[in-house]
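J.: Put together the whole structure using the sequences plus the hints.
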Amino acid sequence: MSIDESDIPALARGCAILGTGGGGDVRAGSLAAVRAIRAYGEVPLVDLADLPGDALVVPLSGIGAPTVGHEMIHGEDEPKRVAEEVERLFGRPPSAIMSSEIGGSNGVAPVAWAARLGVPLLDADGMGRAFPEVQMVSMYVAGLPADLVIMSDIVGNVVTIRPIDGLWSERLARAVCVAAGSHALMADYVLTAGRARGAVIEGTVTRAIGIGRATEGAVDPLGALRDRLGAVRLITGKLTDVDRRTTGGFVRGTATIEGTGDDRGRRLTVELQNENLIAVEDGAVRAMVPDLITVVDTETAAAVQTESLRYGQRVSVLAWPCDPLWRTPKGLETAGPRAFGYDHDYVPVEELTAHG
Amino acid sequence: MADLPELGIGIDVGGTNTDAVVLGPGGRVVAKAKRPTTPDVTGGLRAAMDAVLAELEGAEDPPAARDGQGGGARSRVARIMLGTTHATNAILERRNLGRVAVLRLGAPATTAVPPLSGWPNDLRAAVSAGEAIVPGGHYVDGREIGAPGLGAVRRFLDGVRADAVAVTSVFSPASDEHERLVAELVTSEYGLPVSLSHEIGTLGLLERENATVLNAALYGVAAHVTGALTAALAERGLGARPYLAQNDGTLMTVEHAERMPVATIGSGPANSLRGAAHLSGVTDAVVVDVGGTSTDLGVLTGGFPRESAAAVEIGGVLTNFRMPDILAIALGGGSVVRGGGVGPDSVGYRIAGEALVFGGDTATMTDAAVAAGRTPPGSAGWRGRLPESVLARQAARSGPEKGPRAGDGRETIADVLARAVLVADEMVVDAVDRMTLGRTDRPLVAVGGGAFILPGRIPGVSGVIRPEHAEVANAVGAAIALASGRVDTILPAGDSRPKAIERAKEEAAARAVAAGADPSGVEIVDLLEVPLSYLSEPAVRVHVKAAGPLAR
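Protein sequences, first through last, are from chains A and B. First residue of the first sequence? That's 1 in UniProt numbering, and the numbers climb one at a time after it. First residue of the second sequence? That's 1 in UniProt numbering, and the numbers climb one at a time after it.
What the hints contain is simulated information worked out from the structure, not anything from laboratory work. Here a beta-carbon is modelled for each residue, glycine too, at the ideal position from N, C-alpha and C. Check the hints yourself; a few may be wrong.
[Stated by the list, open to error] Just some of the chain B residues that point at chain A, by a computed CB distance under 7 angstroms:
(1) Phe171
(2) Leu205
(3) Arg434
T.: In structure tokens form, the structure reads like this:
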């Protein structure tokens, strides 16, 4: 199949849901995707199985400060310079590009990048959701070495980093990003289709579009979304408190939702660090990272970003299981509750909510 | 005559009515009038102006004094303030819009999303004379992305036929010199009017650019409005100085409005909030403006409307214009009442013929309120006009075939009206709760022609205030003489911060003076600092607003 202009609104809605409150605004990415499809044509969506084992897959993502990205938007040629550098290093051009992070803006923008490059988009990503740190990707969990980062900035600089490990990868990439004006396009874990098997989360682009389509014209958008996600509705109610602070470059805080209707008398607290990480009711955890927790508008079932949470909103909280890769020991070590400073042993959302 | 106090006229153009008031000394309402809004807007405006002048002269001047005295009371009208929907209508109807050459400075950055992306096709066709992204713009830290491409600007402008130019440079709210350079070039070499984005909007390139383009497209509309207003004043022998209301509840001179017409969009709700503050004397309150079809809720903080944090869509185009934070619900005096509840449909201006209380046969929210004993000031007799069956619930129940019917037939009309009041009250309570953010210590000020449908006690507020003249609060708001200016920028958070903030304050004050404020009375009314994340050098985003009384 291929992605055309009419798929973009559904993809954007789905990516916002998979962003679990973070991942950035999908709007500019949607505009870029529509524009690139009009200029360069539809984007073929391929599965790993469609690609020969030695085909190069380039995971791409925009990195930097959200405020900057909102003002200093990507240049159209940034992905081209990354692709040229890949070709120079590997002796062959990329066969496909992949979203590093399907949740939020980095799930939508790759459609524009693939269209510009004239290569297919791989129906996969590195998270199946959104996470705040670069090492929180499936390629890292799968044990692939973090030995190459290619960055392209808005004026045309291309920086190739050969770090000795993931820590240096993050440190050097961040320094380059700041020098480039806190906004850049980045490829890391450039990999062959053969190595990608088991190291990426497959089917997530199709899934995001399906999530977006599920609520289109639905009589009961919330029910349709819950069914599509296989999610548990933790609560439906009113946002009564949002406590938010910016520390260490991240937005941290808590949101409190008091139940209304059938949920009257209940109260759910969601812990945030850019994304929604933990949901607690009556002192008991009801869902926790890396399982997905998304706050949606009760009426429209549209995702509500953590920075848009406001007192009085009528919202529902949905939680559903993450990809099995995140439930492995290495997955939990990388992005489980303790990786975010919470003193909890991970328990899958299905077990936490089995009786309630 | 000379020692009699000055008067001010406020006019607010609404969707249904155009309201006008004359304010006297101490902001006292000395005359008021309501006329239907006309499709061309200007006709209704003239009618409302005439009506309020007639009332003023009827009230203040004996008829004999009007001859040979140069107009009597009308000669004391020193200012006229207009809140109008001309600009909004022009955009919604794609009429009278100018052709804009759209210039962005930022290449090679930003090319992934060219100007006017996401605009409705018909609006884009009506407005755009062409679009270009040329080199220029700045980084967040003030470095140039590249030198401004003045050659490319000339090549672009040589190839388009435009009425105006809109210029948007990356990070211009923090670094505006490239926009200014291009403005000089356009003015001196092409003689076209220019909209500069740093004067119009805040950070967020696409939204600010959209607002700047709309502003440039509205120059012709603005000239028409100020021309019509000036002509109407001259025809009526009024020497009053004209002003236009803007979306933050303050005023600007017509000269300023001709350069910033987009700022008039959204002035209606802002006027009603400011008017509520003036009439009630309360500066911190929830304001509920009940119209015929809908009810707008807003919040006053320090006498000004609380502003919306969300992006605002105008005619299908996203902008980051700062607008009052308004929650509109489908409830008004004309809302149709039936078994299922209230509205959302309304009889609108036809209420005077269709509501039960006016002898019609449609049950409306006005009838429900009157049946419950809630009547407009001075209209206590309305209750007696309702049919017996509407008032007497028990009687109606025993003889349901009497009187008008509503709903599925099992309920009597009296039951339906009684339930409508409960439903409406619940809608209001729920909306008030959303707007108060959990604070319960502020009063609610009820304004608008339909304010009488609101209950006397509402949970979540300290009390319900119903000021006199509440039905023309929006026109009163337009007549309150304050002008403002604002700055939104990014500043370093280090040692240079205090100085930089002082400069931002001075700039905001200078902009208030440019809008018409008296330099000696300008104060900083709002200062907001937000730390930014993910940057090398700590930085803050600063928003400053200055306001002051109009210069004499």
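J.: Run every hint past the structure and note whether it holds.
T.: Structure-based check of each hint:
1. Phe171: Where the cut-off is 7 angstroms and the nearest Cβ of chain A is about 6 angstroms from Phe171 (chain B), the hint holds.
2. Leu205: Holds - the Cβ of Leu205 (chain B) comes within 7 angstroms of chain A, reaching about 5 angstroms at its closest.
3. Arg434: Given a least distance of 4 angstroms, the restraint on Arg434 (chain B) holds.
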